[in-house]
Amino acid sequence: MGLLINQLGLLITCCPRIDIKLHIIFGGKDFELSIYDPKGSSTSKKVTCSSSLCAQRNQCLGTFSNCPYMVSYMSAQTSTSGILVEDVLHLTTEDGHPDSVEAYVTFGCGQVQSGSFLDVAAPNGLFGLGMEKIAVPSLLSQEGLTADSFSMCFGDDGTGRISFGDKGSPDQEETPFNLNPSHPTYNVTVTQIRVGTTLIDGGFTALFDSGTSFTYLVDPTYSNLAVNFHSQTRDSRRPPDSRIPFEYCYDMSPDANASLIPSMSLTMKGGSHFPVYDPIIVISAQSRFICCSFLETENFMTGYRVVFDRERFVLGWKKFDCYDIEETNTSEEERHPVSAPPAVAAGIRNYSTPESTNDVRNNNSLTSVTLRSCHLHVSLPFFFGLVSILTLLS
Numbered sequence: 001m002g003l004l005i006n007q008l009g010l011l012i013t014c015c016p017r018i019d020i021k022l023h024i025i026f027g028g029k030d031f032e033l034s035i036y037d038p039k040g041s042s043t044s045k046k047v048t049c050s051s052s053l054c055a056q057r058n059q060c061l062g063t064f065s066n067c068p069y070m071v072s073y074m075s076a077q078t079s080t081s082g083i084l085v086e087d088v089l090h091l092t093t094e095d096g097h098p099d100s101v102e103a104y105v106t107f108g109c110g111q112v113q114s115g116s117f118l119d120v121a122a123p124n125g126l127f128g129l130g131m132e133k134i135a136v137p138s139l140l141s142q143e144g145l146t147a148d149s150f151s152m153c154f155g156d157d158g159t160g161r162i163s164f165g166d167k168g169s170p171d172q173e174e175t176p177f178n179l180n181p182s183h184p185t186y187n188v189t190v191t192q193i194r195v196g197t198t199l200i201d202g203g204f205t206a207l208f209d210s211g212t213s214f215t216y217l218v219d220p221t222y223s224n225l226a227v228n229f230h231s232q233t234r235d236s237r238r239p240p241d242s243r244i245p246f247e248y249c250y251d252m253s254p255d256a257n258a259s260l261i262p263s264m265s266l267t268m269k270g271g272s273h274f275p276v277y278d279p280i281i282v283i284s285a286q287s288r289f290i291c292c293s294f295l296e297t298e299n300f301m302t303g304y305r306v307v308f309d310r311e312r313f314v315l316g317w318k319k320f321d322c323y324d325i326e327e328t329n330t331s332e333e334e335r336h337p338v339s340a341p342p343a344v345a346a347g348i349r350n351y352s353t354p355e356s357t358n359d360v361r362n363n364n365s366l367t368s369v370t371l372r373s374c375h376l377h378v379s380l381p382f383f384f385g386l387v388s389i390l391t392l393l394s
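Using UniProt numbering, the final residue of the sequence shown is 394, and nothing's skipped along the way.
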């Protein structure tokens, strides 16, 4: 059984103080992005400074004034500020007998953006998928709609789905999260990297960040990976190009095929293997060429259903057709969600996580008992800022 998001504009949005229209080109098509306006929604409710979700009460003008928020990101000079808003997330079950379901979610309604938000980053907003209580998976679990787990699956063309309540399947690979009580994130341990015929030993941690659009490698991991990849690539290397961020790029042979590119895989804590099925990015200019996608890319997660199980605190993955729907096995015990522990969103600083979410509405229209084990599926392109990317840390 699954739930389908009908309206993306109610999730993480912006409320401009001037009348603007946003467009984005994706897959050769021009999309007009909706701008959320609380005044245009009959179900929109302001979150006041008396709410337990209001983390910046010291900035409030009064107990019943709008709760402000301000978040600074690790990206240079990137931030967003505005007010907290509550509105309905419209869902539909996906089990052959569609039923409408409504869930109240609280989100930041951005009024002032800076840095990357002004040009390339998440033009239609960010979807909160971290371990904090205000994140969408936590809210859905607290309302009894889904288990406290979700999966992400994206195909080669950049489209796929997010499934809330998905706990994966018995045959998936798994590795435990490295939980830091003061700052829980989706952090795992990588024990070994294989590039072609070369094994690179040396453990390090990796952050599967559900809100980062690129893959970052730091030395010595980057150097070891890049040098070994280059030494086993038979195509001719191109000179550096300041217009692209990748260091190792190669001219594609007329009969280019996968045999020209060395394979790559990660060995995780516990012995599970994570093959990287698409470690390159193809760039079309006057002539087509390929680049090693080590510094920044969306490709490391391509072709996998990656499960973020926040009840068992494990990361799971399985090679998967991201355009297909597969019912996952969920035991009766797993059908009853467990609230996630307090946390701070990964990649965010200067943000305090509230200690309680008692103000999250449990509306009578939510058939929480019958929907407790339901999954929630959504098909989205990459530009909505929803892709979970592997970030390697020193």
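These are computed hints drawn from the structure, not numbers from a lab.
Note that the structure is predicted; figures quoted are calculated from it, not measured.
For every residue, glycine included, the Cβ atom is placed at its ideal position computed from N, Cα and C.
One or more of the hints may lead you astray.
[To be verified] Label-pair ranges, simulated between beta-carbon atoms: (1) G115 / E247: 21 to 31 Å; (2) T191 / P98: 36 to 46 Å; (3) S263 / R243: 22 to 32 Å; (4) T63 / Q192: 54 to 64 Å.
Hints and how they fare:
A hinted range of 21 to 31 Å holds for the C-beta pair G115 and E247, which are about 24 Å apart. For T191 and P98, the Cβ-Cβ distance of about 45 Å falls inside the hinted range of 36 to 46 Å, so the restraint holds. Separated by about 29 Å at the C-beta atoms, S263 and R243 satisfy the suggested range of 22 to 32 Å. At roughly 55 Å, the beta carbons of T63 and Q192 sit within the given window of 54 to 64 Å.
Comparing the model with each earlier hint shows no violations; every hint is respected.
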